[in-house]
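Participant: What follows is each chain in one-letter form.
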Amino acid sequence: MAEEKKYNPADFPAEIPYQEGDPVLSIRHVDITFGSGRKQFKAVSDANFDIHKGETVSLVGESGSGKTTIGRAIVRINPCSAGAIYYKGRKISGKMPRKEARELVRKIQMIFQDPAASLNERATIEYIISEGLINFKLYKDDKERVEKVEKAITDVGLLPEHLTRYPHEFSGGQRQRVGIARSVVMEPEFIVADEPISALDVSIRAQVLNLLKKFQRERGLTYLFIAHDLSIVRFISDRIVVIHLGKIVEVAETEELFAHPLHPYTKSLMSAIPIPDPILEKEKELFVYDPSVHDYSVEEPSLVDIGHGHFVYGSPSEIEKYKAAREGK
Amino acid sequence: MATEQLKKIPFDLAKFKETSEDKLFEFVDIDTVTSERITAPRYSYWRSVLRIFFKKKINWVVLVLLALLFILTFIGPFFWPYSKFENVTDASLQNLSPTQCFDRFGFSLKWCLGTGQYGNSIFYGLWSSARTSLLLAIICAAINMVLGILMGAVWGYSKSFDAVMTVIYNIIANVPYVLLISVLVYVIGAGFGPFVLALTVTGWLGIAYFFRTQVLIIRDREYNLASRCLGTPIVRVVSKNILPYMISVIVTLLATEVPSYISMEVFLSYIGIGLKSDVPALGQMINDGQIGWTTYPWAFWAPVSIAAALTIMLYLLGQNLADASDPRSHMQ
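In the order they appear, the protein sequences are chains A and B.
In this text, residue positions in the first sequence follow our numbering: the first is 1, and each later residue adds one.
In this text, residue positions in the second sequence follow our numbering: the first is 1, and each later residue adds one.
I should point out that these hints are in silico values taken from the structure, not numbers from a laboratory.
Don't be surprised by glycine CBs; every beta carbon is placed ideally from N, CA and C.
Treat the hints with caution; some may be incorrect.
[What the hints assert, rightly or not] On the chain A side, residues computed to face chain B include the following (Cβ under 8 angstroms):
hint: 1; residue: 110
hint: 2; residue: 117
hint: 3; residue: 158
So that you can see chain A by itself, here it is in the shape it has in the complex (with noise of 0.2 angstroms):
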């Protein structure tokens, strides 16, 4: 493979232009790797995306391709080794000053994947909900953070007397809309939504996934859904980025994406979901992506804008290809 293309910490200023239209999230050329030494891993390498306001943007890969590595650093959990993060013209990667950072915490929120690990089993759900609200004082008095709580829950469809319950009583459906709950009530701007569904019954996630579009439609929420489940994702999402192995290998608008997956990789995936037909599922026919047909040895791979907002990662002979196959219908 080629050499990769180094970045200095110069080219990412601690604040970029910022208007209006722009997008609210850039992701510039992150890196994210875990360890050190002989044990460092890299998780993700050279991401580069856009969120705009408003837009929900779906993460898609398989399991250990870096989707959640990149959600968690947007909030702020994982380091970035290279490369920035900019939320509204302003780096949120690496050090950043405290009232800053907290302002942040509270902008944007995360959803966690396990509502049976992700909620406090020794605490009410009245502390699960209020503990954001507390944590910034978002309330004039105690009546104030009561009434707060108590809309929170009956917005996602509970009810105000589950308040002095324990997370274990509840079912996992239930858990994750107070998982939603906590988030939403501390009016976030943008929420980073970790695989919420991924753990429900299938019975319960059409009722979790319309939530999250109720909250989007209500407030103007941007959301960044991680997901590996591309059904879902086409029912949810605006656009789409498509991730293999910490390398965004394809990013394009749902509906394009879904008419002309180009990139390999993608169309494996798309010829995975399954179809509710059992003879046309029985007659599909899979295609296996085999990583070996990209040759780097000799031009360099890069995520290359071909048009109709569709970006796609391969050598300059390869995007040359694409694009062919894009224009050729």
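With the hints as your guide, set chain B onto chain A.
Facilitator: Using the frame of chain A, we list chain B on its own:
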């Protein structure tokens, strides 16, 4: 294809409605409020702990016995003042059996367990000694537990503190405990205060290390990450997210700590590096009694059985409380 096949099957709705089975059923609207309601009785952690604890009959028995023993040790010495050397000049009073005492003094509580080698009353001595030992154990356990749990919580939570503390622990934990205590007692002198200091100066380290491992297990769980995303300060993460999970661990520790300090005092007094010889303590009494324990068994077995009763009952009670405080046992 399939739908076309379905269409061919004649379906008469009017006839379908006529069938008797259909009449037995009626459509009910989905009630979203009722479907979310939880009918299980309300859960309260501490009430469940007490319920499980008192369900065992043995706990009632042990609790009553222990309460009796505590009343005797803490209130007894006020009624039965003990002085080890009050009869030291009268050689005829030394090592008398209970019957010999009754012959001499008539029946009284003071002589019901005979006398020791200084002509001292064993019965009176027992409660004063038990009070010293129990007080020592409770104070040492309290200091070590509080220090150990607080340090252990920070030790487990902070990665930079962990590196420093682990080195300190490895050095101190390798110094033999008895050696350390005997050196300390020689340097700062014998007595109640120095003895407490000797037992607590490094005693908390073991507890802190044990606690650190427990904290480490739950530190990176997702709910702690969620608290971080909500901006919860570390102090509240420790007090709300970590310590509540540790209650059964703390009770288990307590169950072993208090009895272990009673045994520790007994052991150290027995080998002669404990309290001053005129301070009544169970270890001291056992040490005095063991010289002639075959000839004058009462002077030896009385303190031994009180020490054993205290440690066994405290341990039993603590273990059962620890079991009850494990929320997994709360399921009915």
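Participant: If a hint holds in the structure, say so; if it doesn't, say that too.
Facilitator: Consistency of the hints with the structure:
no.: 1; hint: 110; verdict: holds, 5 angstroms
no.: 2; hint: 117; verdict: holds, 4 angstroms
no.: 3; hint: 158; verdict: holds, 6 angstroms
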